[in-house]
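Asks: Start from the sequences and build out the full structure, keeping to the hints where you can.
Number of protein chains: 2
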Amino acid sequence: MSKTAISWQVVAQEGKARVGLLQTRRSLIETPVFMPVGTAGTVKGTRFEALESPELDARIILGNTYHLWLRPGADVIRACGGLHRFIGWERALLTDSGGFQVWSLGALRKLREEGVEFRSHVDGSARFLSPEVSMEVQAALGSEIAMAFDECAPGKATHEVARASMELTARWAARSRARFDELQREGADMGRTPEQHTSVNGEQALFGIVQGAAHADLRLESLARTVEIGFDGYAIGGLSVGEEKSVMYDTIELVAPQMPQGRPRYLMGVGTPEDLLAAVARGVDMFDCVLPTRDGRNGRAYTSLGPINIKNARHTTDTRPLDEDCACSVCRRHARAYLRHLYNAGEMLASILLTHHNLAFFLDTMRRVRQAIRSGNFARFQREFVERYNSGVG
Amino acid sequence: MSKTAISWQVVAQEGKARVGLLQTRRSLIETPVFMPVGTAGTVKGTRFEALESPELDARIILGNTYHLWLRPGADVIRACGGLHRFIGWERALLTDSGGFQVWSLGALRKLREEGVEFRSHVDGSARFLSPEVSMEVQAALGSEIAMAFDECAPGKATHEVARASMELTARWAARSRARFDELQREGADMGRTPEQHTSVNGEQALFGIVQGAAHADLRLESLARTVEIGFDGYAIGGLSVGEEKSVMYDTIELVAPQMPQGRPRYLMGVGTPEDLLAAVARGVDMFDCVLPTRDGRNGRAYTSLGPINIKNARHTTDTRPLDEDCACSVCRRHARAYLRHLYNAGEMLASILLTHHNLAFFLDTMRRVRQAIRSGNFARFQREFVERYNSGVG
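One line per chain: the protein sequences are P and G, in this order. Counted from 1, the first sequence has number 152 at position 153 by numbering that gives the first Met the number 0; the numbering is strictly sequential. Counted from 1, the second sequence has number 73 at position 74 by numbering that gives the first Met the number 0; the numbering is strictly sequential.
Just so you know, the hints here were simulated from the structure itself, not pulled from any lab data.
Listed next, the in silico DSS-like pairs over lysine-lysine satisfying Cα-Cα at most 27 Å (straight line):
no.: 1; chain 1: P; residue 1: 244; chain 2: P; residue 2: 15
no.: 2; chain 1: G; residue 1: 155; chain 2: G; residue 2: 109
no.: 3; chain 1: P; residue 1: 43; chain 2: G; residue 2: 310
no.: 4; chain 1: G; residue 1: 244; chain 2: G; residue 2: 155
no.: 5; chain 1: P; residue 1: 109; chain 2: P; residue 2: 155
no.: 6; chain 1: G; residue 1: 43; chain 2: G; residue 2: 310
no.: 7; chain 1: P; residue 1: 310; chain 2: P; residue 2: 43
no.: 8; chain 1: G; residue 1: 43; chain 2: P; residue 2: 43
no.: 9; chain 1: P; residue 1: 310; chain 2: G; residue 2: 43
What follows is a set of in silico ranges between Cβ atoms, one per label pair, in the way DEER data are often shown:
no.: 10; chain 1: G; residue 1: 324; chain 2: P; residue 2: 244; range: 50 to 60 Å
no.: 11; chain 1: P; residue 1: 3; chain 2: G; residue 2: 308; range: 36 to 46 Å
no.: 12; chain 1: P; residue 1: 52; chain 2: G; residue 2: 323; range: 23 to 33 Å
no.: 13; chain 1: P; residue 1: 52; chain 2: G; residue 2: 257; range: 44 to 54 Å
no.: 14; chain 1: G; residue 1: 293; chain 2: P; residue 2: 160; range: 44 to 54 Å
no.: 15; chain 1: G; residue 1: 25; chain 2: P; residue 2: 324; range: 21 to 31 Å
no.: 16; chain 1: P; residue 1: 3; chain 2: G; residue 2: 386; range: 51 to 61 Å
no.: 17; chain 1: G; residue 1: 125; chain 2: P; residue 2: 318; range: 28 to 38 Å
no.: 18; chain 1: G; residue 1: 109; chain 2: P; residue 2: 273; range: 51 to 61 Å
no.: 19; chain 1: G; residue 1: 310; chain 2: P; residue 2: 383; range: 49 to 59 Å
no.: 20; chain 1: P; residue 1: 289; chain 2: G; residue 2: 246; range: 44 to 54 Å
In this text the structure is predicted, and so the values were computed from the model without any measurement. Cβ coordinates follow ideal geometry from the N, Cα and C atoms, glycine included.
Replies: Put into structure tokens, the structure is as follows:
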């Protein structure tokens with residue numbers, strides 16, 4: 000196991016909810032943490048200065064191995080000194096393995112024991128992704144936290160399908176671990192200059208991923224097999240992929256508390272503000288989701304009184320901010336009427352401002368979650384938050 | 000004439016080039032000034048915080064009467080307290096009259112003495128724009144500087160066509176002046192609350208526009224007739240609309256020095272960095288142009304060594320900034336390789352960053368122009384700037 004890549008320790012706890020400190024080479028990250036998604040090396044519509052500003056203060060963002068591997072390609076990013084230097088971001092990065100994106104291709108992919116064949120959505124070229132390739136690309140990207148290459152089963156997969164998928168994931172996890180460890184040992188031998196090596200450091204952490212769809216026995220078996228291999232942190236994958244909400248909550252409730260206490264727990268690709276709080280209450284520490292950015296581009300704003308649709312005619316001359324309880328720069332400056340106008344006129348600034356507000360809302364909510372756990376008020380905080388959020392008066 | 004709306008005075012001069020101080024209710028603006036274009040109430044892709052930041056420090060931006068009148072409509076903006084409050088911008092605004100946009104509709108418009116009939120590009124509705132309507136809409140917008148409603152002739156218009164257009168512009172200028180003066184007197188009686196009146200102040204300035212296409216006699220007659228009516232500033236319209244570049248420079252050379260010395264001179268819709276310097280040398284004080292924003296969205300960056308196309312394959316692994324002499328936040332942080340990747344991936348951030356850099360380049364160039372005039376080095380500055388700009392080594 001990579002001992003020095005990251006450290007994480009619990010500093011406060013209330014029930015199953017924990018506050019932790021995650022130390023990487025580049026950032027001190029307080030958990031529970033929400034990680035904005037930077038698919039192609041950019042959190043869509045957001046300048047890095049905004050992510051670093053005190054009102055967002057994102058300490059870690061995601062990069063998508065699948066997208067970056069296809070465009071601009073690992074060679075380009077390696078030649079530019081790794082993903083941090085390429086995009087101009089000094090804080091921490093987590094890269095996913097590409098497994099989920101390849102799974103999303105559905106019938107367009109061909110799954111084998113060795114890996115997955117598919118055609119690039121960028122140029123139609125034939126590509127092959129495997130645990131080994133994923134680890135090599137993630138090493139070139141130089142993220143602080145890399146993810147094992149997994150196979151995701153649909154939320155409603157039968158036991159048989161889910162078992163086969165989970166077992167493949169376990170075998171791929173072992174191969175990911177092996178190739179990852181080789182790469183970390185190789186370090187500076189990967190064709191990097193010493194200067195590049197400082198940035199694209201071999202000292203990455205690797206997280207394993209628990210699969211098993213909605214089947215409790217498979218989830219627990221997946222967890223046991225993943226822990227047996229040993230990782231720096233553990234993720235719950237394959238949720239929010241078509242299953243009922245109650246199944247998602249039940250699975251988190253089952254799995255999270257049984258994950259190793261001393262390692263961060265990461266719920267991949269989830270979710271709404273209510274989902275985040277529910278998962279924190281069940282012991283999850285890390286989250287990523289495209290909702291604040293994607294919904295922002297589609298005219299949807301998250302507020303303390305629930306989501307609002309900025310396209311709605313009722314905002315036409317509404318001079319109130321998106322959220323009167325929000326202190327972000329968008330809410331301090333701009334009225335709903337203006338944001339609606341920008342959206343209707345197809346102006347890029349609509350996406351920019353709604354994305355910024357949504358990120359501020361998610362990140363600030365997580366700050367308040369941490370504060371509530373520290374002061375022992377998390378249960379009350381969650382109850383009041385959900386009540387206001389569903390009050391329907393926004 | 001509106002005595003209190005703006006004041007302007009020359010504080011330094013070198014040849015025909017002048018540095019002036021333009022005082023409006025909201026901003027102290029040093030001229031020569033470049034005004035970023037905020038067509039639909041937004042400088043496309045740019046947050047107002049960036050426009051206000053020291054590296055851009057735009058003191059005045061444009062709003063387009065035509066676009067804002069059609070969407071969201073003058074009633075919406077009036078209900079929100081005027082354009083400044085609607086968009087969240089406390090600094091100065093100049094609104095054009097809509098004449099140029101209507102002219103751009105070409106065959107889709109129907110021109111009469113009374114005004115122009117056309118169909119809205121937004122919803123297809125029949126609309127009618129006239130000097131009176133333009134003044135009323137601009138009063139509702141509440142800009143510091145309003146423009147007379149003019150008729151633009153194509154750059155290559157015959158003498159006969161250009162004369163008719165110029166004479167119509169002169170009659171419309173008189174009507175613009177008359178309705179404008181009524182509106183300024185009406186002030187708070189326009190159905191505004193006292194609070195709105197503070198923002199949408201009747202104290203606007205009005206600029207007249209010189210037309211006449213490429214015909215020297217018509218240009219001078221247009222100037223004389225516009226000055227006879229009397230305005231707070233004078234603009235040269237109808238350039239950069241299809242005529243040869245030499246015709247544009249000749250027209251500026253002919254007209255600008257004969258415009259009233261004590262009033263700001265505004266060259267509408269022009270131009271490249273070289274054009275700006277050439278016009279300053281001929282006595283022009285104010286500029287607006289979509290080039291930095293539109294070209295930014297199309298992958299074109301302005302640099303001290305000339306424009307570059309970020310799509311070009313030679314930038315694929317180029318870790319240099321757009322312009323090594325530029326101190327803007329984009330050049331301090333991001334490599335050409337990254338900007339090219341963003342552009343190729345269709346990422347909004349490409350437009351955001353290239354627009355920001357281009358605006359920084361235009362605004363910083365104007366700062367350097369003013370400094371050069373103040374220190375008596377403008378002629379040398381212009382020569383050296385143009386030489387570097389055309390060196391072809393960017």
